[in-house]
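Novice: Top line first, the protein sequences correspond to chains S and B. For the first sequence, this note's numbering gives the first residue as 1, with consecutive numbering after it. For the second sequence, this note's numbering gives the first residue as 1, with consecutive numbering after it.
Don't read these hints as lab results, they were simulated from the structure. Hints are not guaranteed to be accurate.
Some chain S residues near chain B, calculated using beta-carbon distances under 7 Å [as the list claims (entries may be wrong)]:
1) His77
2) Lys84
3) Asp86
4) Val112
5) Phe115
6) Gly220
7) Glu249
A quick note: this is a predicted structure, and the numbers were derived from the prediction, not measured. Where is the CB? At the ideal position from N, CA and C, for every residue including glycine.
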Amino acid sequence: MQDDMQDGMQDGVPEGGAAAAVVDNRKLLLHATGLHKSYKVGGEKLEVLRGVDMQVREGEILAILGKSGCGKSTLLHVLGWLDKPDQGRIMFDGVDRSTLNAQERARLRNQVMGFVFQFYHLLPELTAFENVLMPSMIQYGPMAWRQEKKHATERARALLDLVSLTPRAKHRPRQLSGGERQRVAIARALQNEPRFLFCDEPTGNLDGKTAEDVRDLLWGLNEEQNQTMVIVTHDAKLASHAHRVVHLERGRIVEGKDLDLVEEVALDS
Amino acid sequence: MYRLFLALRYLRSRLVNLISIGGVMAGVAVLIVVVSIMDGFQARVKRTVRGSLSHIILTPTVGADKLPAFTVLEQGLKRDIGAVEAAAPQVHLPVFHEYRSRKRTVVAMDGMALHQMLAIGIDWQRERVVTELESYLLAVFDPKDPFFHPTAVEFEKTTCLVSRTFAENFGLGTRGADGEVVHPYGAMRDDVTGEPLRGDAMRAAATSLIGQEVRIVYGVQKSEGGERRFSTNSKNLIISGVYDAHDAVEDNTRMYLGIGAVREMGDVAHEYLQANVRLSDYEQADSIKKTMIGVFGDKFVVETWEDQKANFLRAVNQEKVLLVIVLSFIVLLGGFIILATLTLTVVEKTRDIGIVAALGAGRSGILSIFLWNGLLIGILGSLSGLALGAWFTANVDGVKDFLKSAFGIDIFPPNIYHFRSIPTVWDWPSVLMIMGGSVIVAFVAGLLPALRASRLDPIAALRYE
Numbered sequence: 001m002q003d004d005m006q007d008g009m010q011d012g013v014p015e016g017g018a019a020a021a022v023v024d025n026r027k028l029l030l031h032a033t034g035l036h037k038s039y040k041v042g043g044e045k046l047e048v049l050r051g052v053d054m055q056v057r058e059g060e061i062l063a064i065l066g067k068s069g070c071g072k073s074t075l076l077h078v079l080g081w082l083d084k085p086d087q088g089r090i091m092f093d094g095v096d097r098s099t100l101n102a103q104e105r106a107r108l109r110n111q112v113m114g115f116v117f118q119f120y121h122l123l124p125e126l127t128a129f130e131n132v133l134m135p136s137m138i139q140y141g142p143m144a145w146r147q148e149k150k151h152a153t154e155r156a157r158a159l160l161d162l163v164s165l166t167p168r169a170k171h172r173p174r175q176l177s178g179g180e181r182q183r184v185a186i187a188r189a190l191q192n193e194p195r196f197l198f199c200d201e202p203t204g205n206l207d208g209k210t211a212e213d214v215r216d217l218l219w220g221l222n223e224e225q226n227q228t229m230v231i232v233t234h235d236a237k238l239a240s241h242a243h244r245v246v247h248l249e250r251g252r253i254v255e256g257k258d259l260d261l262v263e264e265v266a267l268d269s
Numbered sequence: 001m002y003r004l005f006l007a008l009r010y011l012r013s014r015l016v017n018l019i020s021i022g023g024v025m026a027g028v029a030v031l032i033v034v035v036s037i038m039d040g041f042q043a044r045v046k047r048t049v050r051g052s053l054s055h056i057i058l059t060p061t062v063g064a065d066k067l068p069a070f071t072v073l074e075q076g077l078k079r080d081i082g083a084v085e086a087a088a089p090q091v092h093l094p095v096f097h098e099y100r101s102r103k104r105t106v107v108a109m110d111g112m113a114l115h116q117m118l119a120i121g122i123d124w125q126r127e128r129v130v131t132e133l134e135s136y137l138l139a140v141f142d143p144k145d146p147f148f149h150p151t152a153v154e155f156e157k158t159t160c161l162v163s164r165t166f167a168e169n170f171g172l173g174t175r176g177a178d179g180e181v182v183h184p185y186g187a188m189r190d191d192v193t194g195e196p197l198r199g200d201a202m203r204a205a206a207t208s209l210i211g212q213e214v215r216i217v218y219g220v221q222k223s224e225g226g227e228r229r230f231s232t233n234s235k236n237l238i239i240s241g242v243y244d245a246h247d248a249v250e251d252n253t254r255m256y257l258g259i260g261a262v263r264e265m266g267d268v269a270h271e272y273l274q275a276n277v278r279l280s281d282y283e284q285a286d287s288i289k290k291t292m293i294g295v296f297g298d299k300f301v302v303e304t305w306e307d308q309k310a311n312f313l314r315a316v317n318q319e320k321v322l323l324v325i326v327l328s329f330i331v332l333l334g335g336f337i338i339l340a341t342l343t344l345t346v347v348e349k350t351r352d353i354g355i356v357a358a359l360g361a362g363r364s365g366i367l368s369i370f371l372w373n374g375l376l377i378g379i380l381g382s383l384s385g386l387a388l389g390a391w392f393t394a395n396v397d398g399v400k401d402f403l404k405s406a407f408g409i410d411i412f413p414p415n416i417y418h419f420r421s422i423p424t425v426w427d428w429p430s431v432l433m434i435m436g437g438s439v440i441v442a443f444v445a446g447l448l449p450a451l452r453a454s455r456l457d458p459i460a461a462l463r464y465e
């Protein structure tokens, strides 16, 4: 069924869109149309997203650039099915969000999406290794876990090795530096081999050198494993390395700006 | 898998959970101890009361002239009623024990006071088969005939069996033959501390009482020329034996004499005023009682020993029910502690809940984490309560003695509770019911915080700092 929807969706990509004109014919993984989202703040309605359209293809790194408070994180949460749009449609790998119930959305989020947050969001009671293992523990029930445990723990070890944190496997988050915590968070996001990585200001809380290390790690994943990513950032330097950069301005997406403009936005923010 | 894993981690990492576990533990332990003691109390009461009462008691309702001879009744019982093993006659006579008292309120003359008792006249050879009296004997002059004493024979006096409790309470053996005080608190108590003697020392003291005298005063009713007259008499009885029926209240007010002696003292026309019957199977007592009423109902009131002590047994059972109801509130309190600590945990772990939701945990998964948390507190609290309750139940007398020696608090005075030691019975079904109930309370207490956690918006939770 998923394949049918996927095929249908490939046919359904709007002709003449800016992305369609630029990006090659790689598979369309994420397709959002007409996304609206508003909050009530102090009794007043605050419109954060005002009809966002967006497409992301497999293996692509898309950077969403915008000023602080412009709704970048909200957009990422909506795209990653953590939050519900007021209006609009999100298709992920051929599956329409609105056709799934909360439990099914949670399952898909666990199995095909990975999240990296600005403030790492590691579970403080767990070691680095256990944090990385957590998505697999959520994926499998007690019976399946017996069979999958070995494979899952091996993968968690390999990922900790990938982010060069094997010696810190038994350390708890409070015993790690900011850069180390973010690398653990990246390893955790990759544990279930997601098709899509959502990164919310992944270097926003790190110093220059550490931020570069994390960026190299993410870009390395894309080059070696063809990892698809959406990165929300106000860091123009980070965005400049993305395959494609879009701007979020007044709740709408503005595509195709050159890097000079990117720098401008970054300076403004 | 992650549900139990995270629940265990939250349990381990938060000290406040220990308070919850402690609350459940205290409730379970207290309930287990109380139920064990009350069950033990009930069982001991039944055994003790029945021990000196026999299974079924027949009390005559007719005059002495219409009363069948005891041997006739005995034969009739064995012949007509199944399951009757033996029967024994008794005659009861209210008497007063005269003793020396320092108090001046109930005095007769010369500082002598009176203590009301029941002189129970028995036929030893029959009584020993029907009740447990023989097994209660601590010291006798002649085991074959506990009422034999050479001094009594020589001076034609009456002998009696007195209880250990009675001897302790009234300081029997305080004075020697020449009237000098040899034991300030009586022979059955320690001369220095005044505490009751135990073990071999107690048996030796009981033996030393044999041959000593106790004085009783009693009334005699006589009918002379159609008029009832009442006169008082007194007698010095020789102690021929000491027994302990382990009932500190009843033992204090009973003494056993030969049935002939009591009939003579009280001028009792009836050959017997009570017939005690022992059955081969007490379980059938109620149906046998009905048969007996059919056969002997015109001349006797037929009761089981439980009928005679119905109010007392009901009171004991009522006390147990009341205590369990009152003490269950401790478990409920434990439930409220769990509710409070888990609510606090949910607030503190709001961000974690958002993270776990972002990683793909559904609402039911998050609900389960906190349900497991409550359940684990309940299980651990119940198990530790079981261990504490079992230890306390096994060492309850040690705890009682410790409290008395260290703080002077007597939590189980024998004159109130009938027994010297605290009786306990370990009843697994009751224990498991207490533990199960506590786990259910813990589970229910965890439900509200768990529901609250599962309804959190993951985005709001992720933003929570």
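Novice: Hint by hint, say whether it matches the structure.
Specialist: Consistency of the hints with the structure:
no.	hint	in the structure
1	His77	holds (6 Å)
2	Lys84	violated (9 Å)
3	Asp86	violated (14 Å)
4	Val112	violated (10 Å)
5	Phe115	holds (5 Å)
6	Gly220	violated (23 Å)
7	Glu249	violated (22 Å)
Comparing the model with each earlier hint shows violations of hints 2, 3, 4, 6 and 7; every other hint is respected.
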